[in-house]
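Protein chains: 2
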Amino acid sequence: MEDKFVPNIVVGRLPLYLRTLQLMSQEGRRVTSSQELGEKLGISAAQIRKDLSQFGEFGKQGTGYNIDYLTDQLRKILCVNKVWDVAVVGIGDVGHALARYQGFSDRGFRVVLLFDIDPKKIGTKVGGFVIQDISNMVSRIKDAGVQIAMLSVPVDHAQQVTNLLVEAGVEAILNYAPINISVPPEVHVQYIDPVLHLQRMTYYLD
Amino acid sequence: MEDKFVPNIVVGRLPLYLRTLQLMSQEGRRVTSSQELGEKLGISAAQIRKDLSQFGEFGKQGTGYNIDYLTDQLRKILCVNKVWDVAVVGIGDVGHALARYQGFSDRGFRVVLLFDIDPKKIGTKVGGFVIQDISNMVSRIKDAGVQIAMLSVPVDHAQQVTNLLVEAGVEAILNYAPINISVPPEVHVQYIDPVLHLQRMTYYLD
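As they're listed, the protein sequences go chains A and B.
Under this note's numbering, the first residue of the first sequence is numbered 3, with each subsequent residue one higher.
Under this note's numbering, the first residue of the second sequence is numbered 3, with each subsequent residue one higher.
Looking at chain A on its own, in the form it has when it is part of the complex (with noise of 0.2 Å):
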């Protein structure tokens, strides 16, 4: 899906409309149209156009998007059209919440690796997996060949850790520790930081 270059602000709202469409479509809806996801999403039903337009022709003018042809195409060009196995690293509150959260299955993820440094944890399970102890990690990523990891860790170790990812063969890193990390440019991070959200709103705030 390369061929094309495509802004990454762009692509980040594909997963938008994505989840949109999945939850219209649960909901037993068949047909949609811009103006309407715009609605659900703050965003113009123009440039939900544009956006789409980049990939295709997926609507016809006067009779909307089909919700189920969309959610596939989307599901390809995101590349979630399959299940993606991810690691979870660092088994506190957060990656204990990350191990077990629901929200992945039918999303094109799922947890099946967990490492912790924690004596006390290795060897318990959490949603299903065993932790396992994390001076095992580069190998079992490895031979597992999962390309995707969730970043638990403490502040402290976040960049250490990264770069055992990288030597796995990690390609993507979500990091939920509160820093920035640096990784060569082939591998891609996001950041989830809830402190980051929230003060952005106290700025609007009295």
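Hints are not guaranteed to be accurate.
Because identical chains cannot be distinguished in the list, a pair is counted as satisfied if it fits within a single copy or across any two copies.
Below, a list of computed lysine to aspartate or glutamate pairs in the EDC-like style, where the Cα atoms sit at most 20 Å apart [said to hold, decoys possible]:
1) 127 - 95
2) 123 - 95
3) 42 - 120
4) 42 - 158
5) 144 - 59
6) 62 - 95
7) 52 - 74
8) 78 - 173
9) 78 - 59
10) 6 - 120
11) 144 - 208
12) 62 - 74
13) 6 - 208
14) 62 - 169
15) 84 - 108
16) 78 - 208
17) 84 - 208
18) 42 - 188
19) 42 - 195
20) 127 - 208
Just so you know, the hints here were simulated from the structure itself, not pulled from any lab data.
Add chain B to chain A, keeping to what the hints say.
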């Protein structure tokens, strides 16, 4: 701080600058530059200087930024030079992790109210606070004057609980339920959905 209009995208970068400066300060650092901040964050030095210049003169040509001074200024700008009380609604795995999250304390927030609908959870303690019955939520939030809530209830309940939060006077909602919620224009909403971030990366994977 709303005297001058600053684009939301600029506001959104300020918490990143603040976080980086606070980490530097913890390492005992005194001075930094837009170059160094830019390298750590993957943002151009020019962009950082431009963003900060919207709020005043924080650095001197050639000597860089005083870290503690710029930290103080950013905390004022983002209104986190005080501690905001926060309610967590829905104490499943995610809510549990939020209630116990250690990363809020020195960044302007503390969790003080927990709500759930499950009789088995109501009355039990998480992170030092008792989980209260969601049916008392509106009055409890009003009494406490809490303006910020984190929403970690199932998708099916997200809009209904949002309406109660708005009724209670909450002005900022951080929504962990993977669905868009509707609020009056004066209420701010931010979203955290790990799948959106993961799908944004799988687009680039093979």
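Verification of the supplied hints:
1. In the homo-oligomer, the alpha carbons of residue 127 and residue 95 lie at most 20 Å apart both inside one protomer (14 Å) and across protomers (15 Å), since each shortest distance falls under that limit.
2. For a Cα distance limit of 20 Å, the shortest separation of residue 123 from residue 95 qualifies both inside one copy, at 12 Å, and across copies, at 17 Å.
3. Taking the closest pair of Cα atoms, residue 42 and residue 120 never come within 20 Å of each other, the shortest separation being 44 Å inside a single copy and 29 Å across copies.
4. For a Cα distance limit of 20 Å, the shortest separation of residue 42 from residue 158 across copies, 16 Å, qualifies, whereas the shortest one inside one copy, 40 Å, does not.
5. Within a single copy, residue 144 and residue 59 get their C-alpha atoms no closer than 39 Å, and across copies no closer than 50 Å, so neither meets the 20 Å cut-off.
6. Within a single copy, residue 62 and residue 95 get their C-alpha atoms no closer than 47 Å, and across copies no closer than 43 Å, so neither meets the 20 Å cut-off.
7. In this assembly of identical chains, the alpha carbons of residue 52 and residue 74 lie at most 20 Å apart only when taken from the same copy (19 Å versus 42 Å across copies).
8. In the homo-oligomer, the alpha carbons of residue 78 and residue 173 lie at most 20 Å apart inside one protomer (19 Å), although the nearest pairing across protomers, at 38 Å, exceeds that limit.
9. With identical chains, the CA atoms of residue 78 and residue 59 are at most 20 Å apart within one copy only, with a shortest distance of 14 Å there and 48 Å across copies.
10. Proximity of residue 6 to residue 120 under the C-alpha cut-off of 20 Å is found in neither arrangement, the shortest distances being 46 Å within a copy and 50 Å between copies.
11. Taking the shortest Cα distances, residue 144 and residue 208 sit within 20 Å of each other only across copies (16 Å), while inside one copy they are farther apart (50 Å).
12. For the identical chains of this complex, residue 62 and residue 74 are intra-copy neighbours only, at 17 Å inside a copy versus 54 Å across copies, given an alpha-carbon limit of 20 Å.
13. With identical chains, the CA atoms of residue 6 and residue 208 are at most 20 Å apart between copies only, with a shortest distance of 15 Å across copies and 45 Å within one.
14. With identical chains, the CA atoms of residue 62 and residue 169 are never at most 20 Å apart, being 47 Å at best within one copy and 41 Å at best between copies.
15. In the homo-oligomer, the alpha carbons of residue 84 and residue 108 lie at most 20 Å apart inside one protomer (10 Å), although the nearest pairing across protomers, at 41 Å, exceeds that limit.
16. With identical chains, the CA atoms of residue 78 and residue 208 are at most 20 Å apart between copies only, with a shortest distance of 11 Å across copies and 44 Å within one.
17. In this assembly of identical chains, residue 84 and residue 208 lie within 20 Å of each other by CA distance solely across copies; the values are 11 Å between and 46 Å within a copy.
18. Only between protomers do residue 42 and residue 188 lie at most 20 Å apart by alpha-carbon distance; the minimum there is 17 Å, versus 34 Å within a single protomer.
19. In the homo-oligomer, the alpha carbons of residue 42 and residue 195 lie at most 20 Å apart only across protomers (16 Å), although the nearest pairing inside one protomer, at 25 Å, exceeds that limit.
20. For the identical chains of this complex, residue 127 and residue 208 are neighbours neither inside a copy (45 Å) nor across copies (31 Å), given an alpha-carbon limit of 20 Å.
Of the hints listed earlier, those the structure fails to meet are numbers 3, 5, 6, 10, 14, 20, in rising order.
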